[in-house]
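Chemist: Put the complex together from the two separate chains, hints included.
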Amino acid sequence: MPHYRNETVKLGSLRPRGVLDATPERSFDNLTVLAAQACDAPFAFITFIEAGRHWLKSKLGMAISETTPGSAFCAHAIQQRDLFVVRDALADKRFATDPSVTSDPPIRFYAGVPLLSPEGHALGALCVIDHVPRDLSVEQQEALRAVARQVMVLLELRRNSAVLARSDEDLGGGVAKHTKGEEKLNQSDEWLAAIFETSRDGILVEDDEIILCVNEAYAHLFGYDKPEELIGRHVSIVLSAEEEERMLEFGMKRLRGESSPTVYEFRGRRKDGTLIELEASISTPTVSGKTYITTAVRDVSERKRSERALRESEGKYRTLVEQASDGIHTYDFQGNFIEVNSKLCEMLGYTRAELLRINVKDLLPAEDLALAPLRFDELRLGDTVINERRVRRKDGSLLPVEISGKMVQAGVLQAILRDITERKMAEEALRRAHDQLDMRVRERTAELASVNEALLGEIAERRAAEGARTQLLRRLATAQEDERRRIACELHDQMGQHLTALILELKSLKDSAQSQAAEYSRLQRLQELATKIGRELHTVAWQLHPTALDDFGLCTALLNYVEEWSARCGVSVDFHNAGFDDRRLSPDIETALYRIVLEALNNVSKHAQARRVSVILERRRDYVLAIIEDDGCGFDNRITAGAPAAERKLGLIGMRERATLVNGTINVESSPGMGTTLFIHIPTSPPSKEVETSG
Amino acid sequence: MGKLRIFLADDHAVVREGLKSLVNAQPDMEVVGEAGDGRATWQRAKQLQPDVVVMDISMPELNGVQATERLKGECPEVRVLALTVHEDTSYLRQLLQAGASGYVLKRGAAEELIHAIRTVAAGGVYLDPSLAGRVVSRYIGSQAPNGASQRGDLSERETDVLRLIALGYSNKEIAAQLGISVRTVETYKTRLMVKLDLSSRADIVRYALHQGWLQEN
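In the order they appear, the protein sequences are chains V and Z. Numbering follows the working numbering, with no gaps: position 12 of the first sequence is 12. Take any residue in the second sequence, count from 1 to its spot, add 695: that is its number in the working numbering.
Only chain Z is shown next, with the shape it has when bound in the complex (with noise of 0.2 Å):
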């Protein structure tokens, strides 16, 4: 069994020169090639097939995104680990979209980099510790039953305020429409909640939406 074949995409050549003596200190791995930029990396990607392509996003000409897609989309068997600055899960999730298999921050990096190439080298997803967290939740948080389960009847009051609640108005401006006090659209507020298990405002936009009441929009 051969060393691990690696490419190094990143622009910035003093963090590639890093990364090679970084990879080359492994035994089992060796830098196969490197480019500074998205067009070049998805080329010589291609000509190359490397075990594993450690993908930065920000790039010039194709980006770290766009570059894994057209990758991926002639090379499946071609591993891409994301290694990159944003911290922002929207880039993880985009990444992982295109078909990444990793994703490491930077300044993690000298330690992680190595044991993330392992894994994605055999297969397997490698997510940075300090994002993994936040997707898990927010996975749960997409699955988690939005309160919809219909508690109780509305009365009629109730569901008409519901639904301006749903459409943005204000308890004033509800309060005018419907001809009562704020203090009674409040009331209604508390009370539809409680009936219908909802806890946020954004639950009642959520359930108007399913119930279809939303038309207007």
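Pulled out of the complex, with its shape left as it was, chain V reads as follows (with noise of 0.2 Å):
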């Protein structure tokens, strides 16, 4: 048990203030309703102690009348002489095993500001309670000591009233004797009457059941017009039927002397019948020797209602979060439940009672803790906060949820916790098949690289070996040009000469036998003959190899040729050569290009129907460019293009093959009826080694 020191110094000083009463005063319960509104608690009081025993002066929300709820929390409260706070009551060693926090509903949470006197004395204290562990925030606990001052400041009124109303009483008794007491009790009455007339609350007072007076603001409440339809009824008149019973109970117990509630809320009868919810305070003064019933009447209809819509939209809500598919939490800013709903003990394994002994934090896996600490800071400024987390079942299985925390009220805090199990199953799904598509990527890119890379080495081969066939291409077409120039020298320095000495005897033989007419007819025709393969083996030695593109270099030769080739095939050559001066190309090139362009017009006569071809022979910088057209029928440029069939027919194959030995490119343009062009483009080496012309 408590023990107080100074308890009748303290306690003395509290009598004159004329508030050791158990009758409730509003001012008192104005500033319970506040302390409880400020602190967010469902109860509030204020208690006074005299001699050991504490006085309930004022509450709130609680249904105990007499007792005083945790005297030993306010015993404690009273010596810290400060705001005294008790978190959680059930965890506190001091007050665990208090009836009034092993009973049901529990007094979890207590915090208690001591009435001090001016002198010091502790008088009292003011009070908060609630049924779950919580805190106060430094907002609420400098509100609860305002209140508590504002306690003490109107305990500070009452006393000097009280003082002065002695000291007036001490005066009357003096004067008392010189004057008519009469007098005094028409000026106290008249006094009392104007108070009675315009109090906003309904007065009633009655003798025995029966109405004796009541003031305008009662009937009205009532629907009476004036008091004087009330005045001499029985106060039944204005119970209504369920409440008269208790109603007369209340009377018979205090005319006998036992207690009976002093405030309580009734419903009273109007006189059309309908029904009012009042709040009543009895008082029972005696005057001259008789005790009067006074009853003190107020609507509170309106309070009602709006309770009960609180109560209703408290039910909806309530009902709301119980049949949410996601858990939902309250707790405070120490992690404490504070309510919890079922969806919530689902998913989590645990009871109602167990989640609110234990803290948010519990839930949470340390490590995942330390990795993302609660976001307090982000929720105290009101923000939302989602996150995703693991959380803890009681069966130690770790459920992924989203949590979407809020602070809903000063100092509490929502939590709403939606298992994401599916959500992240389809996420791991999806990793896991991205991670296998990954895989199977570079799976498939390791093969192509290896693919790719014996393609490489396929297409380095081969590169080597066209390179290797380009060579003996190379090697071979010189060869073969060396032979024909071999055999084409052959045929006219050799075969030719004879030819000649042969032809000249047989013109002396002819000359000298001119007698003889059978001979020189048969000479004659030898010498026809002769002269005939003379001119063939010159046409054979011409082709195998023009003399004049090893004597007098491409351009002559090329237009020795074209003069030639214009003279037989009917076709007019225009030929044009520029850039050469008097330099040389290399013979390679010579022949290269001697051959591609006779090959060229060779086409033109075949198939162009031509009138007229253009050759054109430029020496540039680092190439030489030579160009075949003619104004004959053309072909469909497009056909042709790659198909060896068409190109073959063209002889474009060939000619092709001569320009690649020496590095060159071909390419033919043609389109139906605008004739046909071949661009012959052949890379030259530097000017240094070029061959010079001798001139």
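There may be inaccurate statements among the hints.
To be verified - Pairs of lysine-lysine residues, derived as DSBU-like cross-links and limited to a Cα-Cα distance of at most 30 Å, are as follows:
| hint | chain 1 | residue 1 | chain 2 | residue 2 |
| --- | --- | --- | --- | --- |
| 1 | V | 290 | V | 304 |
| 2 | V | 226 | V | 304 |
| 3 | V | 406 | V | 316 |
| 4 | Z | 715 | Z | 741 |
| 5 | Z | 715 | V | 532 |
| 6 | V | 226 | V | 271 |
| 7 | V | 510 | Z | 715 |
| 8 | Z | 867 | V | 606 |
| 9 | Z | 698 | V | 510 |
| 10 | Z | 890 | Z | 867 |
For the record, the hints were derived by calculation from the structure and aren't laboratory data.
Modeler: Structure (structure tokens):
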């Protein structure tokens, strides 16, 4: 049991204030309400201590009226001389076994401010309590202290007015010997009547259940025009049928001197039969030795309605929360659960009571908390904070959830937990699919890389083979050209000369045989035959290899050829050359170009039906360009391009091959009716390496 | 008036023999000397001062062209008649430039040579009939107007196309460069050729050259 030091001194000072009366006073009630609201607590009360007994002066939200709740707490509060807070009584050795803590509903939270007189005496305490563990914010603590000071101001006021009243009495006592008591009575009556009539609360005075008097406010509350309509009637006239018995019972008790509620709510019956919600406050003044029952009533219909509405909306909210498919709970900044819904219990495998005993942090794996601490700072600012976390079930398994947290009232946070197991599984499946895809892509890439490498190797091999083939072709071409040149030379220089000699001898023979006509004509025929052989020999040699190409270079040789060709084919040839001056090209390029132009002209005569042909030879800085253009029938370039059969027919393959041997390219352009143009482009070696003509 | 003095230059002895019997068979001609290479021909002919040197082209030491040049340089009065297997007019041109007065193909020698010798000895020029036509047509060709007469003004586009054709670009390349279709290039080409009275691509090149449009070349 708590022990009060200087108890008599402290408690003695309470007496003159005239408050040690169990009747609640509105002023104190107002302060109690203020304290409860400031602290967001369901219960608040003011208690005074006298001779070890706690007097409950004003209370809010509690059914208990005479017994003082948590007297053990108050005793501590008074000893503290400042705000005394018990966050969780169950966790506090001093109170864990206190009946008020173990009973239902339990006191889990207590905050009390001692009421100190100006002399520093503790007179009592202003307290707020709650059924769940919680905290007070700094603002709430200040508010509670302020309300406590206000209680003291009120007490001081009471004391002063009591002292004033007593000195009035003393003064009156002295004068009474000389004045008529009636005068004083009249004065007092007038004063009372004024209060009685102007009060906004309805006041009824009864005597033995008969209405003695009511004020105007009372009459109006019950729908009567004048107080006279009620005076003399039985009090049941203002009571609803179901209340009548209870009310009369109260009256009986009071008359018998038994204890009965002095403040209660009841339903009154108005004149028109409708009911009215009232709060009654009973006092039993004794006048001239007779005790009257005075009832002050106040219309609380409005308050009741709003209370009902609140209860309903609270009920709706609770139903909503309870039926929600997400886990929902409220908690304080210490992580204590305040309320939890059944879905949360189901999700976590805890009972409601179990959850209320543990801390939010108990549900979160320590490693997760280390990585991502609770974000109270943001919550305090009123932000909505959304996290993905893992919470530990009672069975130890981890449940992935999305948590949306928000402060819903001062110091109270609400969290909504959504089970995201499926989403996580889907994400995981997606991730696995991604990984698998990644892996397959990597595998495939590796495969492709190796195939590519093999291909590159093959390409290199082919390129090497191609190079070797070109080399071979080039040697072949050179050898062939050399051979042709040799044979042409042989034909010209040996056979040609011998033939010439033969012809000359035949001529001489023929001339000397003029007398014998038969021999002459035979010799004549022989000479003609030999001449014919000579002409054919020349043509063969020329076709094999034009000596002019060696002796005079490409331009001259080609010019000679096109003249001969033009005469032979009847197609006019326009030959133009530029940029050669007297510089010769290398023999392979000259031979290649010569052969290509010949082949091109051969094509023109075979296919083009041209009237006119341009042969253009231009030597530029590092290449030689030959263009052969006819004005013949042309062909559809798009069809021929890349079609081997068509290209072979046009002799393009052979030309391309020749061009390739000297690193040149051939480009053919043609369209039906627009003739055909061949562009032969052959790179030339640097000027220093060029073969100079002898002139 | 004495016989025409003839010098034979040929690296083939059998040919020289044949020529000698042919020439010597003529009452008014005699072979005064012969040689098997260009250098000997030049040196001996210089000493002998024949009326006509019958000159082969393909000879060792100096070829026929070089020998003719030297000989004519020193003895302008000596007539040179080229006798060769080469039918290319380029040989012909070179020899004429070197100072030869006639050109006879060996295969026609039996019938032509004596007549040719007489012609050049008389101060004339003799060309083998099978080559004469070609030489004349080329001469005429080179003198012919090249179509540069400007008949109409070209549009800017046509000028661009003409210039690019002359520079040796294909229609496709021109089309890409000017941002037009190949068919449009063809149309421009046909039109500008008509406008300028050009009949071939070579004409276009020459025209552009004449206009000084091929400076970048």
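Chemist: Could you run down the list of hints and mark each one as holding or not?
Modeler: Hints versus structure:
For a cut-off of 30 Å, the pair hint linking residue 290(V) to residue 304(V) is broken: about 36 Å separates their Cα positions. Among the hinted pairs, residue 226(V) with residue 304(V) is consistent with the structure: their alpha-carbon atoms are about 27 Å apart, no more than 30 Å. Distance restraint check for residue 406(V) and residue 316(V): the Cα-Cα separation of roughly 20 Å lies within the 30 Å cut-off, and the hinted pair is therefore satisfied. Between residue 715(Z) and residue 741(Z), the direct Cα distance comes to roughly 20 Å. Compliance with the 30 Å bound is thereby established for this hinted pair.
Restraint check: the Cα-Cα separation between residue 715(Z) and residue 532(V) comes to about 23 Å, which is no more than 30 Å; the hinted pair holds. Using a Cα cut-off of 30 Å, the hinted pair residue 226(V) and residue 271(V) holds, with the two alpha carbons roughly 12 Å apart. Taken as a hint, the residue 510(V) and residue 715(Z) pair is honoured in the structure, with Cα atoms around 16 Å apart against an allowance of 30 Å. Straight-line distance between C-alpha atoms of residue 867(Z) and residue 606(V) comes to about 26 Å, which keeps the hinted pair within the 30 Å bound.
Distance hint between residue 698(Z) and residue 510(V) is fulfilled; the C-alpha atoms sit about 23 Å from each other, no more than 30 Å. A distance of roughly 22 Å separates the Cα atoms of residue 890(Z) and residue 867(Z); the hinted pair therefore holds under the 30 Å criterion.
Of the numbered hints listed earlier, the single one contradicted by the structure is hint 1.
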